[in-house]
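J.: Construct the complete structure from the given sequences, taking the supplied hints into account.
Number of protein chains: 2
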Amino acid sequence: MNLTVAVIQEAIGSNDKTKNLEATSEKVRKAALAGAKLVLLQELHTTQYFCQVQDPAIFDLAEPMDGPSRQHLEALAKELNIVLVGSIFEKRTAGVFHNTALVFDGQEGLVGYYRKMHIPDDPGFSEKYYFTPGDQKRDGQNPFKPIQTSVGKLGVLVCWDQWYPEAARLAALQGAQILLYPTAIGWDPEDTAEEQTRQRDAWTLIQRSHAVANHLPVLVANRTGFEYSPDETKPELGTQFWGQSFIAGQQGDILAMSDTNDEGPLIANIDLGRTDHLRRIWPYFRDRRVDAYEGLLQRYMD
Amino acid sequence: MNLTVAVIQEAIGSNDKTKNLEATSEKVRKAALAGAKLVLLQELHTTQYFCQVQDPAIFDLAEPMDGPSRQHLEALAKELNIVLVGSIFEKRTAGVFHNTALVFDGQEGLVGYYRKMHIPDDPGFSEKYYFTPGDQKRDGQNPFKPIQTSVGKLGVLVCWDQWYPEAARLAALQGAQILLYPTAIGWDPEDTAEEQTRQRDAWTLIQRSHAVANHLPVLVANRTGFEYSPDETKPELGTQFWGQSFIAGQQGDILAMSDTNDEGPLIANIDLGRTDHLRRIWPYFRDRRVDAYEGLLQRYMD
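Same order as they appear, the protein sequences are chains A and B.
Per this note's numbering, residue 1 is the first one in the first sequence, and the count goes up by one each step.
Per this note's numbering, residue 1 is the first one in the second sequence, and the count goes up by one each step.
It is worth saying that the hints were derived from the structure and are not from the lab.
Among the clues, some could well be false.
Which copy? The list can't say, so a pair holds if one copy fits it or any two copies do.
Said to hold, decoys possible - Think about it this way: if two alpha-carbon atoms lie no more than 20 Å apart in a straight line, the pair counts; the simulated EDC-like pairs of lysine to aspartate or glutamate are: (1) 37 with 190; (2) 234 with 271; (3) 153 with 302; (4) 128 with 287; (5) 17 with 63; (6) 137 with 302; (7) 91 with 188; (8) 137 with 287; (9) 17 with 294; (10) 128 with 291; (11) 234 with 122; (12) 137 with 291; (13) 37 with 79; (14) 27 with 259.
T.: Spelled out as C-alpha cells, the structure:
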C-alpha cells in the first residue's frame, strides 16, 4: 500500500504555454525517475496567474477540455506510465469557462476531471470574473466524487476549495483515498510579515486538518515566484506566491514540504493502509450526527 | 472588543466532588483576579475520568442539572462576576445520562447548557455506555446553537465534538463568536512516543483548524495527570492525560498553550473584532456551495 508521490512547485515567467508545459514536463520526468507514480501539478500551471485583473482578452488563454494542454499532459502520463493531475483554464463553451483539474492515468489517458466548485474573488484574485463554478452535479453525481485511478481514488479539489472542510468531507464520504489541492496562493505585498506568516500558517493548517478529519493523505502543489500585475497602472497588485507545497500523512503529519522559493518535484512515500488502521482507532465516521447536520445546507442559520 | 479569557487545566486525584470543586474554584479565582471575564473548565472536572471501565455503580456520580455542582459553579460565577463554563455528568432521568456543559453568566446564573453530541467509544473511553448523545434538537432548535452571554455568543462543544468540522461550522453558522472545548483526552501508555506525538499534534491541529475555517477564537481546556484504571485487574487501561490546553486566535494562531503537566489557569487576550475583519478578507461563508452539500447528511455516500 506504499505509494511514491510528487508535487511540482514552479515559478511561471510568461504565458507561453508550450514553453511552460515543456519546463513542467522536465520536472515531472525527474519525479517519475525518482519513482513517483502520482504527480500533482499546481493550479493553472500553463500560464501566469491571470486573475490579478479583469480583461476580456485573457479568455484567449482558455482552451477546450480536449485542447493542446490536455494532449500534452496525456502524452506525458502515457510516456511515464504515471497518474498525473494537471490544471487548465477550460473553455466549455462561449461564455462558460472553468478552472479544471484533469486526471490522466498512464495508458488510459484522461480518466476524470474536476471543475473548481468554490470560486474566490478578492483584490488580485478576480476568479468569479473568469470561472463559472463547477456544476451542482457532474454526470448526475455529486461533483466532489473522487476519480478512480490505478493508484487509488483521488479526491481532487482546487485551491479555494481547500478552506472548506465540507469539500474534503464529501470527497472522503465518496471513498477518496488521497486528497489533492492544485493551488495558486500568495501574499499581498502590503501585508506585514506577521500577517503573512499567520496567513500561510492558516493555509497549511486547514489542509492538514482535512487529513486529520478524514484520515487521508493530502498533496498540495502551490505556485512560487513573484508575478507582476498585468495592469501596469496598478503594480501594487503584484503577488508573491508563497510556495510551501507539501505532502501530509493521514494524521496531518508533514512528510515533505517545499520552501517558499523552491522549484521542482517534492517527493514522499505515503502508506495508503494507514487510513483503514486509523479509522479503527479514531472512528469519527461512525459517530457523525447526520441527524443534526441539516443546517450545513444553509448559507447562514438566521 | 478585547476580552481576557482563561482555561483551567487540572489533574484530578479522586472522586471527591466537593474537594475537587474547591480546588478548581481556587484556580478560577486566580484567573478572575488576573482579569479573566470568561473561564473554561475541563470536561468532567468534578471527578476522575470514570469512563475507563463500564460499571453501573459509577452512575452514582451523576447529578441532575440543578444538583450541587451546578449550585457551586453558579455561586462562583456570581461571586466573581464572570462567565464560567463548567462540565457535569448529568442525570436527566433514570437511564438517561448526559455529558453536559453548563454556562453561567455572573448574576444571571445558568444561561445555557450543551449536551455532548458526538460520543466516542474505544478502549479506555467507554462513553457510549455512560452518555446518551445530545438530542437532535434542543428546545426545538439546532443543538449546536451558541449560548448568549455578556461576553458574546459561546459555541460550546465537548471533547470528541472537536474532531468534527461539522459541529464547529454549525455553531458558527448560528452566530458563535468563540468556540470552547472542555476536554479529557490522553495517551494509551502502550503507544510509541512517535504515535503519541502524532496524536497530540493532530488534536491541536484539528481544533486550530476550526478557528481558521470559521474565523473564531478557540479555547480548549484539557485534563492533565495520570489516572489509574478503576478496574484493578486491568491497570494497563490507565490514561496519561496530555494537557496542552490552549487558546487560539481567529487564524488558528496560538495565543497561549499549557505544557503537558501544567496546572492552573492559562490566560490570554482575544480580540473579538478580528472575526469581522478576517471574514472581509477571506469570505469563506460567501462561497459555500450549499447547493452541493446534501451528501453531508449521509453516513457514507455508497
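J.: For every hint, state whether the structure bears it out.
T.: Results of checking the hints against the structure:
With identical chains, the CA atoms of residue 37 and residue 190 are never at most 20 Å apart, being 40 Å at best within one copy and 35 Å at best between copies. For the homomeric pair residue 234 and residue 271, neither the shortest alpha-carbon distance inside one copy (47 Å) nor that between copies (33 Å) is at most 20 Å. Proximity of residue 153 and residue 302 under a CA criterion of 20 Å is satisfied inter-copy only: 14 Å between copies versus 37 Å inside one chain copy. For the homomeric pair residue 128 and residue 287, the shortest alpha-carbon distance between copies (10 Å) is at most 20 Å, but the shortest distance inside one copy (37 Å) is not.
Proximity of residue 17 to residue 63 under the C-alpha cut-off of 20 Å is restricted to the intra-copy arrangement: shortest distance 11 Å within a copy versus 70 Å between copies. Taking the shortest alpha-carbon separations for residue 137 and residue 302, only the inter-copy value of 16 Å comes in at or below 20 Å, while the best intra-copy value is 27 Å. Neither within a single protomer nor between protomers do residue 91 and residue 188 lie at most 20 Å apart by alpha-carbon distance, with minima of 29 Å and 54 Å respectively. Taking the shortest alpha-carbon separations for residue 137 and residue 287, only the inter-copy value of 17 Å comes in at or below 20 Å, while the best intra-copy value is 27 Å.
In this assembly of identical chains, residue 17 and residue 294 lie within 20 Å of each other by CA distance neither inside one copy nor across copies; the values are 44 Å within and 38 Å between. In this assembly of identical chains, residue 128 and residue 291 lie within 20 Å of each other by CA distance solely across copies; the values are 17 Å between and 34 Å within a copy. Only within a single protomer do residue 234 and residue 122 lie at most 20 Å apart by alpha-carbon distance; the minimum there is 15 Å, versus 58 Å between protomers. Taking the shortest alpha-carbon separations for residue 137 and residue 291, only the inter-copy value of 9 Å comes in at or below 20 Å, while the best intra-copy value is 23 Å.
In the homo-oligomer, the alpha carbons of residue 37 and residue 79 lie at most 20 Å apart inside one protomer (12 Å), although the nearest pairing across protomers, at 64 Å, exceeds that limit. In this assembly of identical chains, residue 27 and residue 259 lie within 20 Å of each other by CA distance solely inside one copy; the values are 17 Å within and 43 Å between copies.
Taken one by one, the earlier hints fail for this structure at numbers 1, 2, 7 and 9, listed in ascending order.
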